[in-house]
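Protein sequences appear in the order of chains B and R.
Residues 1 to 170 (our numbering) are what the first sequence spells out, left to right.
Residues 1 to 170 (our numbering) are what the second sequence spells out, left to right.
Hints in this document: simulated from the structure, not taken from any laboratory.
Keep in mind that a hint or two might mislead.
Same chains, same names: a pair is fine if it fits in one copy or spans any two.
Cut-off 25 Å, straight-line C-alpha distance, at most; resulting in silico cross-link-like pairs (DMTMM-like, lysine to aspartate or glutamate) [as the list claims (entries may be wrong)]: (1) 112 x 10; (2) 112 x 142; (3) 21 x 102; (4) 145 x 32; (5) 92 x 10; (6) 49 x 153; (7) 21 x 161; (8) 21 x 164; (9) 150 x 122; (10) 49 x 161; (11) 4 x 32; (12) 4 x 122; (13) 145 x 161; (14) 112 x 32; (15) 70 x 143; (16) 83 x 31; (17) 170 x 136; (18) 128 x 142; (19) 49 x 142; (20) 170 x 67; (21) 49 x 81; (22) 4 x 14; (23) 49 x 102; (24) 84 x 32; (25) 70 x 142; (26) 4 x 96; (27) 145 x 164.
One-letter residues, chain by chain:
Protein chains: 2
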Amino acid sequence: MSIKRVNFNEYAPEVLDQLKKGAFLTVKDGDEVNTMTIGWGSVSVIWNKPIFMVAVRYSRHTYNLIENAKEFTVNIPLNNDLKKELAYCGTKSGRDLDKFAEYNLTLIDGQKISTPVIGECELHYECKVVYQQAMEPATLNDEIKNRFYKNNDYHVLYFGEILDTYLLEK
Amino acid sequence: MSIKRVNFNEYAPEVLDQLKKGAFLTVKDGDEVNTMTIGWGSVSVIWNKPIFMVAVRYSRHTYNLIENAKEFTVNIPLNNDLKKELAYCGTKSGRDLDKFAEYNLTLIDGQKISTPVIGECELHYECKVVYQQAMEPATLNDEIKNRFYKNNDYHVLYFGEILDTYLLEK
Numbered sequence: 001m002s003i004k005r006v007n008f009n010e011y012a013p014e015v016l017d018q019l020k021k022g023a024f025l026t027v028k029d030g031d032e033v034n035t036m037t038i039g040w041g042s043v044s045v046i047w048n049k050p051i052f053m054v055a056v057r058y059s060r061h062t063y064n065l066i067e068n069a070k071e072f073t074v075n076i077p078l079n080n081d082l083k084k085e086l087a088y089c090g091t092k093s094g095r096d097l098d099k100f101a102e103y104n105l106t107l108i109d110g111q112k113i114s115t116p117v118i119g120e121c122e123l124h125y126e127c128k129v130v131y132q133q134a135m136e137p138a139t140l141n142d143e144i145k146n147r148f149y150k151n152n153d154y155h156v157l158y159f160g161e162i163l164d165t166y167l168l169e170k
Numbered sequence: 001m002s003i004k005r006v007n008f009n010e011y012a013p014e015v016l017d018q019l020k021k022g023a024f025l026t027v028k029d030g031d032e033v034n035t036m037t038i039g040w041g042s043v044s045v046i047w048n049k050p051i052f053m054v055a056v057r058y059s060r061h062t063y064n065l066i067e068n069a070k071e072f073t074v075n076i077p078l079n080n081d082l083k084k085e086l087a088y089c090g091t092k093s094g095r096d097l098d099k100f101a102e103y104n105l106t107l108i109d110g111q112k113i114s115t116p117v118i119g120e121c122e123l124h125y126e127c128k129v130v131y132q133q134a135m136e137p138a139t140l141n142d143e144i145k146n147r148f149y150k151n152n153d154y155h156v157l158y159f160g161e162i163l164d165t166y167l168l169e170k
């Protein structure tokens, strides 16, 4: 595999399109690596930095990992659709099993952080958390609250400074 | 002028590039319209919706307006550089003067909301605030805190559902 670096914003349209179908949020805490399917995210400039924001519910295994790790990678399928893998990683919990083993997903070392990326995805962001904030129910639109948070399992928003953005090419 | 609708994510790379040089955040509260220069922002998918996030400090006149208005437009220069206008709207306060008058900026009615857009900019987002959150100093990276918030004048993050995205063409 070879790495082709790209600007953080170059693939923003493709990322925002793919998020509707799913992308992978990968987190490593100590020796434990886990990934989960995400459908939401943002490509931003904040504090004069390129920022990728992701949202993780308290109930997720990833929440416990990222709270320690304070870094993450976002792995975006572009040509490979990885539908089965996305469905699997969005419904199973890494508490119970090794998600990578089921579909032989390949972990490749990160370039700038210790969190790996998934080799079957083409586009990758390596991010260091510079800010995080638990969602505040009081100022959230009621329609959204009723649709997504009836059980009070809110998201924590993690703002990751993008340290590297690249395509993995075969 | 004619309107050409585009997908919310289509111009994300250009928006994120232009933010470094500046864009306009326009807010209308009752009969009062004001605009300010912004250098930060995000193009996102959150709660299954297209979202534009902007950040406004408590000290800004725009803060008082948007707290009532709960909607905003983001006006992005693409070909016109509008350097003087951006510098002016980033240093003067709408409390003291009518920013639009100084450079004869043209206000054009919004399509989906009551907030206008600036005709001299090419690309426009019309947004309704669905969530907002004051920044939480405790979980912010120290380097960022020292660089931007020594005076405790933090930002409030406004998450606006993008109701319309279009180019204004002559």
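Verification of the hints:
Taking the shortest alpha-carbon separations for residue 112 and residue 10, only the intra-copy value of 19 Å comes in at or below 25 Å, while the best inter-copy value is 29 Å. Taking the closest pair of Cα atoms, residue 112 and residue 142 come within 25 Å of each other only across two copies (20 Å); inside a single copy the shortest separation is 40 Å, beyond that limit. Proximity of residue 21 and residue 102 under a CA criterion of 25 Å is satisfied intra-copy only: 20 Å inside one chain copy versus 47 Å between copies. Taking the shortest alpha-carbon separations for residue 145 and residue 32, neither the intra-copy value of 33 Å nor the inter-copy value of 31 Å comes in at or below 25 Å.
Taking identical chains as interchangeable, the C-alpha atoms of residue 92 and residue 10 are never at most 25 Å apart, the minima being 32 Å within one chain and 33 Å between chains. For a Cα distance limit of 25 Å, the shortest separation of residue 49 from residue 153 across copies, 19 Å, qualifies, whereas the shortest one inside one copy, 30 Å, does not. For a Cα distance limit of 25 Å, the shortest separation of residue 21 from residue 161 qualifies both inside one copy, at 24 Å, and across copies, at 20 Å. In the homo-oligomer, the alpha carbons of residue 21 and residue 164 lie at most 25 Å apart both inside one protomer (23 Å) and across protomers (22 Å), since each shortest distance falls under that limit.
In this assembly of identical chains, residue 150 and residue 122 lie within 25 Å of each other by CA distance neither inside one copy nor across copies; the values are 36 Å within and 41 Å between. With identical chains, the CA atoms of residue 49 and residue 161 are at most 25 Å apart both within one copy (7 Å) and between copies (23 Å). Taking identical chains as interchangeable, the C-alpha atoms of residue 4 and residue 32 are never at most 25 Å apart, the minima being 27 Å within one chain and 49 Å between chains. In this homomeric assembly, residue 4 and residue 122 come within 25 Å of each other (Cα to Cα) only inside a single copy, at 10 Å, whereas the closest approach across copies is 32 Å.
In the homo-oligomer, the alpha carbons of residue 145 and residue 161 lie at most 25 Å apart only across protomers (15 Å), although the nearest pairing inside one protomer, at 28 Å, exceeds that limit. Proximity of residue 112 to residue 32 under the C-alpha cut-off of 25 Å is restricted to the intra-copy arrangement: shortest distance 18 Å within a copy versus 48 Å between copies. In this homomeric assembly, residue 70 and residue 143 come within 25 Å of each other (Cα to Cα) only across copies, at 15 Å, whereas the closest approach inside a single copy is 31 Å. Taking the closest pair of Cα atoms, residue 83 and residue 31 never come within 25 Å of each other, the shortest separation being 27 Å inside a single copy and 50 Å across copies.
With identical chains, the CA atoms of residue 170 and residue 136 are never at most 25 Å apart, being 43 Å at best within one copy and 43 Å at best between copies. Within a single copy, residue 128 and residue 142 get their C-alpha atoms only as close as 32 Å, which misses the 25 Å cut-off; across copies the closest is 14 Å, which meets it. Taking CA atoms no more than 25 Å apart as the test, residue 49 paired with residue 142 passes between copies only; the shortest distance there is 14 Å, against 32 Å inside one copy. Neither within a single protomer nor between protomers do residue 170 and residue 67 lie at most 25 Å apart by alpha-carbon distance, with minima of 33 Å and 50 Å respectively.
Taking the shortest Cα distances, residue 49 and residue 81 sit within 25 Å of each other only across copies (22 Å), while inside one copy they are farther apart (30 Å). In this assembly of identical chains, residue 4 and residue 14 lie within 25 Å of each other by CA distance both inside one copy and across copies; the values are 17 Å within and 21 Å between. In the homo-oligomer, the alpha carbons of residue 49 and residue 102 never lie at most 25 Å apart, since the shortest distance is 37 Å inside one protomer and 31 Å across protomers. Taking the shortest alpha-carbon separations for residue 84 and residue 32, only the intra-copy value of 23 Å comes in at or below 25 Å, while the best inter-copy value is 52 Å.
For a Cα distance limit of 25 Å, the shortest separation of residue 70 from residue 142 across copies, 14 Å, qualifies, whereas the shortest one inside one copy, 31 Å, does not. Taking identical chains as interchangeable, the C-alpha atoms of residue 4 and residue 96 are never at most 25 Å apart, the minima being 35 Å within one chain and 50 Å between chains. For the homomeric pair residue 145 and residue 164, the shortest alpha-carbon distance between copies (23 Å) is at most 25 Å, but the shortest distance inside one copy (34 Å) is not.
When the structure is compared with the earlier hints, violations turn up for hints 4, 5, 9, 11, 16, 17, 20, 23, 26 and for no others.
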